[in-house]
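S.K.: Since the structure of chain B is provided, determine the placement of chain Y on it from the hints.
2 protein chains.
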Amino acid sequence: MLLAKIIRFIASSRIDERKGFPQKAKDMSLKAGKATKRVAICLEMEWGHKRHLETYAGVQKYAEKAGWDCVTIPSAVRVLKPKSGAVPFDGILGRITEPLAQAAHKIKMPAVNVWLNSPAKNISSVLADFETSGKIAAQHLVGRGFKRFGYMGFLREKDSRIQIEGFREILKPLGFRFTTYRFPRAGLGGEGLGWERFLDGLEKWANSWQPPIGVLVSNDLYCRHLIET
Amino acid sequence: MLLAKIIRFIASSRIDERKGFPQKAKDMSLKAGKATKRVAICLEMEWGHKRHLETYAGVQKYAEKAGWDCVTIPSAVRVLKPKSGAVPFDGILGRITEPLAQAAHKIKMPAVNVWLNSPAKNISSVLADFETSGKIAAQHLVGRGFKRFGYMGFLREKDSRIQIEGFREILKPLGFRFTTYRFPRAGLGGEGLGWERFLDGLEKWANSWQPPIGVLVSNDLYCRHLIET
Numbered sequence: 001m002l003l004a005k006i007i008r009f010i011a012s013s014r015i016d017e018r019k020g021f022p023q024k025a026k027d028m029s030l031k032a033g034k035a036t037k038r039v040a041i042c043l044e045m046e047w048g049h050k051r052h053l054e055t056y057a058g059v060q061k062y063a064e065k066a067g068w069d070c071v072t073i074p075s076a077v078r079v080l081k082p083k084s085g086a087v088p089f090d091g092i093l094g095r096i097t098e099p100l101a102q103a104a105h106k107i108k109m110p111a112v113n114v115w116l117n118s119p120a121k122n123i124s125s126v127l128a129d130f131e132t133s134g135k136i137a138a139q140h141l142v143g144r145g146f147k148r149f150g151y152m153g154f155l156r157e158k159d160s161r162i163q164i165e166g167f168r169e170i171l172k173p174l175g176f177r178f179t180t181y182r183f184p185r186a187g188l189g190g191e192g193l194g195w196e197r198f199l200d201g202l203e204k205w206a207n208s209w210q211p212p213i214g215v216l217v218s219n220d221l222y223c224r225h226l227i228e229t
Numbered sequence: 001m002l003l004a005k006i007i008r009f010i011a012s013s014r015i016d017e018r019k020g021f022p023q024k025a026k027d028m029s030l031k032a033g034k035a036t037k038r039v040a041i042c043l044e045m046e047w048g049h050k051r052h053l054e055t056y057a058g059v060q061k062y063a064e065k066a067g068w069d070c071v072t073i074p075s076a077v078r079v080l081k082p083k084s085g086a087v088p089f090d091g092i093l094g095r096i097t098e099p100l101a102q103a104a105h106k107i108k109m110p111a112v113n114v115w116l117n118s119p120a121k122n123i124s125s126v127l128a129d130f131e132t133s134g135k136i137a138a139q140h141l142v143g144r145g146f147k148r149f150g151y152m153g154f155l156r157e158k159d160s161r162i163q164i165e166g167f168r169e170i171l172k173p174l175g176f177r178f179t180t181y182r183f184p185r186a187g188l189g190g191e192g193l194g195w196e197r198f199l200d201g202l203e204k205w206a207n208s209w210q211p212p213i214g215v216l217v218s219n220d221l222y223c224r225h226l227i228e229t
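Chains as they are written, first to last, in this note's numbering: chain B, 1 to 229; chain Y, 1 to 229.
Hints in this document: simulated from the structure, not taken from any laboratory.
Misleading hints may appear alongside valid ones.
[Said to hold, decoys possible] Now the in silico label distances, taken between C-beta atoms and shown as ranges:
hint: 1; chain 1: B; residue 1: 156; chain 2: Y; residue 2: 48; range: 47 to 57 Å
hint: 2; chain 1: Y; residue 1: 186; chain 2: B; residue 2: 106; range: 21 to 31 Å
hint: 3; chain 1: B; residue 1: 204; chain 2: Y; residue 2: 116; range: 37 to 47 Å
hint: 4; chain 1: Y; residue 1: 50; chain 2: B; residue 2: 61; range: 40 to 50 Å
hint: 5; chain 1: B; residue 1: 197; chain 2: Y; residue 2: 119; range: 26 to 36 Å
hint: 6; chain 1: B; residue 1: 174; chain 2: Y; residue 2: 119; range: 53 to 63 Å
hint: 7; chain 1: Y; residue 1: 54; chain 2: B; residue 2: 193; range: 22 to 32 Å
hint: 8; chain 1: B; residue 1: 61; chain 2: Y; residue 2: 48; range: 17 to 27 Å
hint: 9; chain 1: Y; residue 1: 190; chain 2: B; residue 2: 119; range: 15 to 25 Å
hint: 10; chain 1: Y; residue 1: 107; chain 2: B; residue 2: 102; range: 51 to 61 Å
hint: 11; chain 1: B; residue 1: 143; chain 2: Y; residue 2: 143; range: 51 to 61 Å
hint: 12; chain 1: B; residue 1: 69; chain 2: Y; residue 2: 105; range: 47 to 57 Å
[As the list claims (entries may be wrong)] Computed footprint of chain Y on chain B, listed as stretches where at least three residues anywhere in the stretch have a Cβ under 8 Å from a Cβ of chain Y:
hint: 13; stretch: 37 to 47
hint: 14; stretch: 68 to 74
hint: 15; stretch: 218 to 225
Virtual Cβ for every residue (Gly too), placed ideally from N, Cα, C.
Chain B on its own, in the form it takes in the complex (with noise of 0.2 Å):
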């Protein structure tokens, strides 16, 4: 199996373009623009995802040498709808929703989304290309021979919805066909109540199969589960 993941800048942040937004109110004053840019970073970093990580791990490397102050912070709810008098900054990066963005928009906060499934439109987003994930996939199995194809991910997701267009982009043209297993994300976490349904679902779609077929899943966790069923 193969999930390949490719960042493509869907929208460059403009934060580094501003000037003169106030500063840190208790230590610093407003100095038109020379001040140090304190930006809040707000990417639930409490899950320990690899891609939450890196894109923080990114952010760091370009703030230092943009001179930005970054402050982690768990929510981007916290930053602009805050519950008291807070902190001001001079840009958000994070997974922005669409009452998150008009907030950021009437404060005049440069905003930056990262959360491919954001409703939020007219906003600098930055996101993993799940379209070209989708061709690599299909490419490499079609390389290793395989003539009977299968895609395993979310359902009601834009990841793989997109992941399935690259997927079928190449595919397709070569006469190719591939079944289909998508399934709810809620009720896999936690107690994992979806859990027998899920499972269930996932044993129907595999004894459909007719071996050998190459099969493209869209994260590694439910690849596990695919390969113990």
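M.R.: Just chain Y now, with coordinates in the frame of chain B:
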């Protein structure tokens, strides 16, 4: 800052000593302990925590030698309290609560707990040794020449309580004292509803210091928050 983690066997698993428990229903028949053992691994791996993934890797390493067939399942609840006629296992390893420990005992399924904060008693557990990590941290900070110390970690969780004991065990005989900042874990994930309160307490604590000070933080993410304060 130092975050050390030393694994200690509190009690060893007895899973491989058991014989003759029903095997995978669909393709194996019960042959007096000769069939491959099926073990459920329930480590909440949807969180990408290093400690969960490395526990999983360690289990797989042992399983390969022992010839186990491991199945990754989101939660021990789904194994010990399944919705419907689930496939039985020969053993389970995971975050075992008291009701789950009782359920395992009732169906005579060997269970190994890896959750430090589990209230379950009379269960084999494999846990990180937080007392020793607290000692190592104190020794490290003393070795660096600090004379004032601080500890920051969770409120009402065993890891911090035990780590503080180890920290104190080294510092007290040397005549050193330390201040602590302990905070509830809840409210710092998701929307971060407890963020402002957490930050307020953190700033007050840091402002009370008389530097230089050597600080042990129980978790890298919260250490990052401290550095940024």
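S.K.: None of the hints should be skipped; say for each whether it holds.
M.R.: Structure-based check of all given hints:
no.: 1; hint: B/156 - Y/48: 47 to 57 Å; in the structure: 22 Å, violated
no.: 2; hint: Y/186 - B/106: 21 to 31 Å; in the structure: 30 Å, holds
no.: 3; hint: B/204 - Y/116: 37 to 47 Å; in the structure: 38 Å, holds
no.: 4; hint: Y/50 - B/61: 40 to 50 Å; in the structure: 21 Å, violated
no.: 5; hint: B/197 - Y/119: 26 to 36 Å; in the structure: 30 Å, holds
no.: 6; hint: B/174 - Y/119: 53 to 63 Å; in the structure: 57 Å, holds
no.: 7; hint: Y/54 - B/193: 22 to 32 Å; in the structure: 27 Å, holds
no.: 8; hint: B/61 - Y/48: 17 to 27 Å; in the structure: 21 Å, holds
no.: 9; hint: Y/190 - B/119: 15 to 25 Å; in the structure: 18 Å, holds
no.: 10; hint: Y/107 - B/102: 51 to 61 Å; in the structure: 53 Å, holds
no.: 11; hint: B/143 - Y/143: 51 to 61 Å; in the structure: 55 Å, holds
no.: 12; hint: B/69 - Y/105: 47 to 57 Å; in the structure: 54 Å, holds
no.: 13; hint: 37 to 47; in the structure: holds (count 4)
no.: 14; hint: 68 to 74; in the structure: holds (count 5)
no.: 15; hint: 218 to 225; in the structure: holds (count 3)
The structure fails to meet hints 1, 4 from the earlier list, while all remaining hints are met.
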